[in-house]
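Position one of the sequence shown corresponds to residue 1 (full-length UniProt numbering), numbered consecutively onward.
Hints are not guaranteed to be accurate.
Claimed, not checked - Below, in silico cross-link-like pairs of lysine to aspartate or glutamate (DMTMM-like), each with a Cα-Cα straight-line distance of 25 Å or less: (1) 61 - 149; (2) 347 - 275; (3) 138 - 378; (4) 61 - 275; (5) 386 - 371; (6) 61 - 145; (7) 61 - 147; (8) 386 - 149; (9) 386 - 173; (10) 61 - 371; (11) 138 - 149.
Worth flagging that the hints you see were computed from the coordinates, not collected in a lab.
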Amino acid sequence: MALGRRNTMIFGGCIFFAGGAINAAAENIAMLILGRILLGIGVGFTNQATPVYLSEMAPAKWRGAFNTGFQLFNNMGVVAANCINFGTAPHPWGWRMSLGLATVPAAIMTIGALLIPDSPSSLVERNHINQARNALRKVRGPTADVESELQLMIQSSQVSKDMERESFVAIFERRYRPQLVMALAIPLSQQLSGISIVAFYAPNLFQSVVIGNNSALLSAVVLGLVNLGSTLVSTVVVDRLGRRVLFIVGGIQMLVCMISAAVVLAMGSGVNGTEQISKGNAIAVLVLLCFYTAGFAWSWGPLCWLIPSEIFPMKIRSTGQSIAIAVQFLATFVLSQTFLTMLCHFKFGAFLFYAGWLALSTIFVILFLPETRGISLDSMYAIWGKHWYWRRFVVEGYVDLCWDLFPPLLDEVVVVGNHTRGSMIVDNNEWKDLRHWRCNGGVMTSEPQRRRFGCKIWRF
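Go ahead and model the full structure; you've got the sequences and the hints to work with.
Written as structure tokens, this is what we have:
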């Protein structure tokens, strides 16, 4: 947060550019390793800052589409990289061009970040209120009334600053347990779905089903195009259908494809994987992997970036996104190092392994992930207080936080349920549906509490 989202993207882009340049000019293995390390650092910085920036800049009703655009352009880069690899593979200098062209997106990233304002939330957090107001007007329009949104950010920031602990310590507090669990579980589940295996080892997978060496890179291009097209679909529907629907339907689609691919491989190559697979079975596996990739690209792929960027309060938003990115990259590394060994030992069973994780992940989403569509970042706390399971964690912290944050905006606030078990904050839009509860045992808080909160508080 000290740098801000914009400066973090600029810094990451510069390191990204340096890594690509060193790789292109590499004269030995040490230079290649150094270049890859710098690339990893640069990508880490930009992947941490960019989704959060998009979520903070976008209106709540379009936040999913804007953030999904991050994955869309990632997939464009994957397709471009696969096409470049395919075109330069026959040439002895092809690897230099392939690695060196990483400087192009790095330059675009850096220059683009120089031309945009920092996010209003980041500016407010650093006490640049006037700059935050100007940034809001740029993205909402010069005639838009941005003061209410700005005041909400200021109040949220003030409450966050009153926290006694730093963000890397505070994120482990009980009241942030739901967000922390999601920041760990969603990226881990994404990688355990098996997508990185398909992406990293597409040439090996297609070669193992007798498509041939010359077609291996082309097959990666095909999967990349499927990925790109499906992500575009996600951009259109994510704010209409909601996050949960995409997670669940996409997870089921991927699960069916994984199990079907395992069955085809078992039938084609035998239980021990010793028989030659037929061309028909090879094509069937290719089609199933394409449908699997499509299911991932419009669900778990983009949503893995979106959810962590929108569920955390301002104070720990950067920390939460950093943890999610670290988990994703660590899981990618471990799985990419172990998949070929798993494939050799378990044959088609490797696909069943990932199918099992897909089933568990989909059930996890059904039970524990609340819908975040259309909810402003500064009001995101409410979804956890209403959830059947997570409310037991957030009530002790978030209810007190809400009292400090929202009374200036409300005339009356209702708390439903036992304070130690769960609660629900009700804003003015929902208050009219609960007015009759006043006659059913509602007790107003004491006068000192009323003065502290600045509004009437009814507890049931």
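So, going through the hints one by one against the coordinates:
For the given pair, residue 61 sits about 14 Å from residue 149 by alpha-carbon distance, which is consistent with the 25 Å threshold. Between residue 347 and residue 275 the alpha-carbon distance is near 12 Å, which keeps this suggested pair within the 25 Å criterion. This hinted pair checks out: residue 138 and residue 378 have alpha carbons roughly 20 Å apart, not beyond 25 Å. Taking the CA atoms of residue 61 and residue 275, the gap is about 53 Å. The hint is violated against a cut of 25 Å.
Annotation: proposed proximity of residue 386 to residue 371 holds, straight-line Cα distance about 11 Å (limit 25 Å). This hinted pair checks out: residue 61 and residue 145 have alpha carbons roughly 17 Å apart, not beyond 25 Å. Distance hint between residue 61 and residue 147 is fulfilled; the C-alpha atoms sit about 18 Å from each other, no more than 25 Å. For a cut-off of 25 Å, the pair hint linking residue 386 to residue 149 stands: about 23 Å separates their Cα positions.
Among the hinted pairs, residue 386 with residue 173 is consistent with the structure: their alpha-carbon atoms are about 19 Å apart, no more than 25 Å. Of the supplied pair hints, the one linking residue 61 and residue 371 holds, its CA atoms being roughly 13 Å apart against a limit of 25 Å. Restraint check: the Cα-Cα separation between residue 138 and residue 149 comes to about 14 Å, which is no more than 25 Å; the hinted pair holds.
Hint 4 from the earlier list is the only one contradicted by this structure; the remaining hints agree with it.
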